[in-house]
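**Student:** Each chain, written out:
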Amino acid sequence: MASLWEYANPKKFIDTTDKVLPWVSVLAVLCLATGLIWGFFFTPDDFRQGSTVKIIYLHVPSALMAINAWIMMLLASLIWVVRRHHVSALAARAAAPVGVVMTVIALATGAIWGQPMWGTWWAWDPRLTSFLILFLFYLGYIALWEAIENDDTAADLTSILCIVGSVFALLSRYAVLFWNQGLHQGASLSLDKEENVADVFYFPLLVCIAGFVFLFIALVFLRTQTEIRARRMRALLARDRMEA
Amino acid sequence: MPELGKYAEAVLSSYAVSLVLLIALALFSWRRSVRVKNALKDIEGKRKSDA
Amino acid sequence: MKALLLRDIRLAVRAGGGFGLGLAFFLIVVVLVPFGVGPQSELLSRIAAGILWIGALLACLVSLDRIFALDWEDGSLDLLATAPLPMEAVAAIKGLAHWVTTGLPLVLAAPVLGVLLSLPAQGYGPLVLSLLLGTPGLSMIGAFGAALTVGLRRGGLLLSLLVLPLYVPTLIFGAEMARRGVDGQDYTTPMLMLAGITCGTIALLPFASAAVLRVNLR
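Protein chains in written order, with our numbering: chain H, 725 to 968; chain S, 30 to 80; chain R, 14 to 231.
It should be emphasised that the hints constitute simulated quantities derived from the structure, not laboratory data.
Among these hints, one or two may not hold up.
[What the hints assert, rightly or not] Below, a list of computed lysine-lysine pairs in the DSSO-like style, where the Cα atoms sit at most 30 Å apart:
1. K75(S) - K743(H)
2. K66(S) - K743(H)
3. K77(S) - K736(H)
4. K77(S) - K66(S)
5. K70(S) - K735(H)
6. K77(S) - K735(H)
7. K743(H) - K77(S)
8. K736(H) - K66(S)
9. K70(S) - K736(H)
10. K66(S) - K735(H)
11. K75(S) - K736(H)
12. K75(S) - K735(H)
13. K743(H) - K70(S)
In isolation and in its complexed conformation, chain H is listed as follows:
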């Protein structure tokens, strides 16, 4: 059986993802189109929220992916620290901007929804505040990558920052909960049926989430390929300069 670590070879990674990428992209577009069109045109309005309930199809998946992107970066950073596979470090770097965009979408759609529903664009509610803090962590992580010239040093430092940052992000989450009880409703998705959103909204939402997941995978594959190539390019240029 082929080991997962085979994909740590940059060439193998590029070859494999080249084959998979078109399929994942098509799946992402298909799921997103189906989910969003289903949700936008063919679901009823909520009896309390009116048509604003349709924002859920963007808000919940993007919020979910904002957190999952960070978790993926954490895992990739751990793999880099333990096994020192370059692809892993570069995948973490590639995922960060995607995570930022997901965070911004979650915050923006939340604000647009909050304006008519809560009567305010922004409240210092625990969930909102945690997301804002997550956004700051993403910014710091990306800024550190950009600031360091040596690739390996940058990979080492950012992965340690990611690991330390994850602990503090979790701490902040609970600190913020302690600090303010908040307006935000409970989880939209959970195994507890009572708490869940109604079925009419649930199924298109699941399709949308699948779409966001596929989109994230496609983007991370594409961006990791780019990072691998850019790294190889820098190495070649450096070697040319040494020879000259």
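Put chains S and R on the given structure of chain H with help from the hints.
**Tutor:** Frame of chain H, contents of chains S and R only:
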């Protein structure tokens, strides 16, 4: 077009913002991917012809 | 270890070492706030605890880049790396020295500045206690941030961007404890959380700082 009622603005603007951001991200990633791929091919081609 | 600690403190206290700059910064921030929000003493007394915490945090932040920068420039950090002392201990000592020269003076100055902000009388005890418990954590987190950016030429702004999100839990529990103290409520829970975070950072972050320093010295 479904009837969005008085919240039409909120719903439409959140769809617009999200889609614009997602498409922009995808486009940027794709364009940079093409650019880097070509640049790398150039450099590798040059090295091969030198050797 | 003791020798390193004493050396760092002596260097900081000597002219040009930056001792007192943090303190002066703290004073200026606290003086500027009433200009920004207005001189009403009832408003000031309500936000005094929060302002003092923010001020102390910023004063701590501006002096962070000095923790490793000087030793990095003159090469003594390389010497320390080859010394028998483990890097973890160096990182911890550096954080401790930063606290002694910056955090501790801030804690001592806070009650004086509290007078300027008409902090209610029952608030002084909890405020000083919260700063005393919180500032060592700020110094240790700051030492980690300083270690991350030590090799960069223009690391100052990046340092703030990296460190400030890490300060969030300490600030929340510290300011909450001071605020509850001012309101005369029970502040045991935030106090324990604050102490826990500080102990955690002292116990664990030197390992992260040491790992980062080793990477930067490679």
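**Student:** Compare the structure with each hint and give your call.
**Tutor:** Here is how each hint holds up against the structure:
For the proposed pair K75(S) and K743(H), the alpha carbon gap of about 27 Å is at most 30 Å, so the pair holds. Restraint check for K66(S) and K743(H): the C-alpha separation of about 16 Å stays at or below 30 Å, so the hint holds. The hinted pair formed by K77(S) and K736(H) meets the criterion: a straight-line CA distance of about 22 Å does not exceed 30 Å. Taken as a hint, the K77(S) and K66(S) pair is honoured in the structure, with Cα atoms around 16 Å apart against an allowance of 30 Å.
About 14 Å separates the Cα atoms of K70(S) and K735(H), which keeps this hinted pair within 30 Å; it holds. A threshold of 30 Å between alpha carbons decides the hint, and for K77(S) with K735(H) the separation of about 18 Å falls inside it, so the pair holds. For the suggested pair K743(H) and K77(S), the alpha carbons sit about 26 Å apart, so the restraint of at most 30 Å is met. For the hint pairing K736(H) with K66(S), the CA-to-CA distance comes to about 16 Å; that is within 30 Å, so the pair holds.
In summary, the hint linking K70(S) to K736(H) is supported, as the alpha carbons are separated by about 18 Å, within the 30 Å threshold. A hinted pair counts as satisfied when its Cα atoms are at most 30 Å apart, and K66(S) with K735(H) qualifies at roughly 13 Å. Taken as a hint, the K75(S) and K736(H) pair is honoured in the structure, with Cα atoms around 24 Å apart against an allowance of 30 Å. With a C-alpha separation of about 20 Å, the suggested pair K75(S) and K735(H) falls inside the 30 Å cut-off, and the hint holds.
About 19 Å separates the Cα atoms of K743(H) and K70(S), which keeps this hinted pair within 30 Å; it holds.
Going down the numbered hints, you'll see the structure goes against none, and every one checks out.
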